[in-house]
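Participant: Generate coordinates for the entire structure from the input sequences, incorporating the hints supplied.
UniProt numbering numbers the first residue of the sequence shown as 1 and each following residue consecutively.
If you're looking for bench data, these hints aren't it; they were derived computationally from the structure. One should not assume that every hint holds.
Claimed, not checked - Subject to a maximum C-alpha distance of 27 Å in a straight line, what follows is the list of computed DSS-like cross-link-like pairs (lysine-lysine):
#  : residue 1 : residue 2
1  : Lys315    : Lys240
2  : Lys230    : Lys289
3  : Lys282    : Lys259
4  : Lys163    : Lys191
5  : Lys394    : Lys334
6  : Lys357    : Lys133
7  : Lys238    : Lys256
8  : Lys256    : Lys321
9  : Lys101    : Lys394
10 : Lys282    : Lys240
11 : Lys240    : Lys230
12 : Lys287    : Lys240
13 : Lys230    : Lys307
14 : Lys287    : Lys238
15 : Lys357    : Lys168
16 : Lys187    : Lys240
17 : Lys289    : Lys238
18 : Lys75     : Lys49
19 : Lys191    : Lys101
20 : Lys357    : Lys134
21 : Lys238    : Lys259
22 : Lys315    : Lys191
Said to hold, decoys possible - With beta-carbon atoms standing in for the labels, derived distance ranges:
#  : residue 1 : residue 2 : range
23 : Phe331    : Gly36     : 46 to 54 Å
24 : Gly265    : Val377    : 56 to 64 Å
25 : Asn157    : Gln393    : 38 to 46 Å
26 : Glu183    : Glu323    : 17 to 25 Å
27 : Ser231    : Lys256    : 20 to 28 Å
28 : Val154    : Lys256    : 42 to 50 Å
Beta carbons: idealized from backbone N, C-alpha and C, even for Gly.
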Amino acid sequence: MLRDEDDGEEWEFEAETEEVVLSARFKAKQKPDICGWDILQEQIIADLKKKQNTLLFSQLNQLFILQNFANLCLKGVKVMAASKEIAHQWHYKDSLSPGVKEVIANFQDESSAHAFDTVSHAWLGPGQQILMKKSRGRLIHDSDFINEIDGHLVIWNPDGTIKSEAWKIIHPGSNGDAWWDHEQLLKQVDKAIEVFEEAHPDCQALFVFDQSSTHAALGPDSLRAFDMNKSNGGAQRKQKDTIIPDSNPDPQFCGKVQKMTTESGEAKGLQQVLEERSFNVKKMCAKCKPVCPFENEDCCMARLLSKQGDFMNQKSLLELKIEQAGHYCIFLPKFHCELNPIEMGWVKYRYWEIPKKNFQEAKDAMLECLDSCPTDVIQRFINQSWRFMDAYQKGLTGKAAAWAVKKQCGHRMVSVSAYMALEAVLNQ
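Facilitator: Spelled out as structure tokens, the structure:
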């Protein structure tokens, strides 16, 4: 049924009138949910005066914390800085026993990009085409350390300039710097320890690295069974002396020092080293051909010796350097990028979005992108990693851990109620 013009105008007028009435009713019922810090502070003071004798001790603490937080915000302190100050007042100072130092985790942030890396998609008009470079350009490699206190591990001057930093940027290639290797990493760690100890004199550092051959490199005299000959001497290198582990089958040799060279100064072979540990290897071959799988235990002399505790549990040069300086070092497990905050904070995608005409512009763009991640964002990334670690420690895995971290989390941990709820569902 069609309306005539008069009916149409009347219908539009009624609809507009109804919309105005509903809007007025909604505004009349709507109440402001957000108030300023000054109003919040006044409300807290009033509640403390009226209900001081009836509130629980935990509730009083919460009100005092909110009052201090509001007071800091009224003085112009930013939200993250105010949260940090409240945390220091209520947690950090009282949680450490006498003589125990605060441990600050420093994650290695290592990445690389080519000079002419760019986005792989763009909006183009009909007939337009992007002129691509013939190559990706020279490589830019950076290695840095981040923590939840400083953001990037640096020391600031009073005027806001950087006094010292652990940052290392190289431009490897045929006509550039040497490729990143273990020696350069050790030099950077020396600098990082120096910067950390000056920035946090009463704290200990926990340096966190991912799994790579560079990080796990052993010393030149380390114990390697597959580098040894069957007999003494020959072209094999000399290895350091060791201590026979407690897992040795003959307990009388456990804990004793074992020389890895003979009295004449030659390097010992596989057979003599194993026989000195009371292994019977007379009918055992020196090494399997082809090389036996790692899961084997005693198929050959080299595999048997490599499975002994002193050969398996050697510390890398990186670990030794950090521990000798009085700090800690750990390596994250493989295939768990969620435990590393640098995976969330990589700036490579920002670097791709910046057009670069030459190598100098590429270097400037890299520095700009690396500085673009503020400290409070780095803190959020690190807290996200702490929550995943806490979820795994509580037994959650896979999608359950991801859900708990995203939906039910505290400052650095997953809430106990979320864990109990998931556990109850899984046990049904």
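Participant: Each hint: holds or not?
Facilitator: Tested hints:
1. Lys315 with Lys240: holds (13 Å)
2. Lys230 with Lys289: Distance ~14 Å between Lys230 and Lys289 Cα, so the pair holds.
3. Lys282 with Lys259: holds (21 Å)
4. Lys163 with Lys191: Answer holds: Lys163 to Lys191 is near 13 Å, not above 27 Å.
5. Lys394 with Lys334: holds (20 Å)
6. Lys357 with Lys133: Satisfied, since the Cα-Cα distance of roughly 10 Å is no more than 27 Å.
7. Lys238 with Lys256: holds (19 Å)
8. Lys256 with Lys321: Status holds; Cα separation ~25 Å.
9. Lys101 with Lys394: Answer holds: Lys101 to Lys394 is near 26 Å, not above 27 Å.
10. Lys282 with Lys240: Status holds; Cα separation ~25 Å.
11. Lys240 with Lys230: holds (18 Å)
12. Lys287 with Lys240: holds (21 Å)
13. Lys230 with Lys307: It holds: about 17 Å lies between the C-alpha atoms, which stays within 27 Å.
14. Lys287 with Lys238: This hinted pair holds, its Cα atoms lying about 19 Å apart.
15. Lys357 with Lys168: holds (24 Å)
16. Lys187 with Lys240: holds (24 Å)
17. Lys289 with Lys238: Within the cut-off at roughly 24 Å; holds.
18. Lys75 with Lys49: Holds. Lys75 to Lys49 sits at ~23 Å (cutoff 27 Å).
19. Lys191 with Lys101: Given pair Lys191, Lys101 holds - Cα atoms ~21 Å apart, limit 27 Å.
20. Lys357 with Lys134: holds (13 Å)
21. Lys238 with Lys259: holds (11 Å)
22. Lys315 with Lys191: holds (21 Å)
23. Phe331 with Gly36: 46 to 54 Å: Given a distance of about 48 Å, which is inside 46 to 54 Å, the answer is holds.
24. Gly265 with Val377: 56 to 64 Å: holds (58 Å)
25. Asn157 with Gln393: 38 to 46 Å: holds (40 Å)
26. Glu183 with Glu323: 17 to 25 Å: Once the Cβ atoms are compared, 19 Å apart, the range 17 to 25 Å for Glu323 and Glu183 holds.
27. Ser231 with Lys256: 20 to 28 Å: holds (23 Å)
28. Val154 with Lys256: 42 to 50 Å: holds (48 Å)
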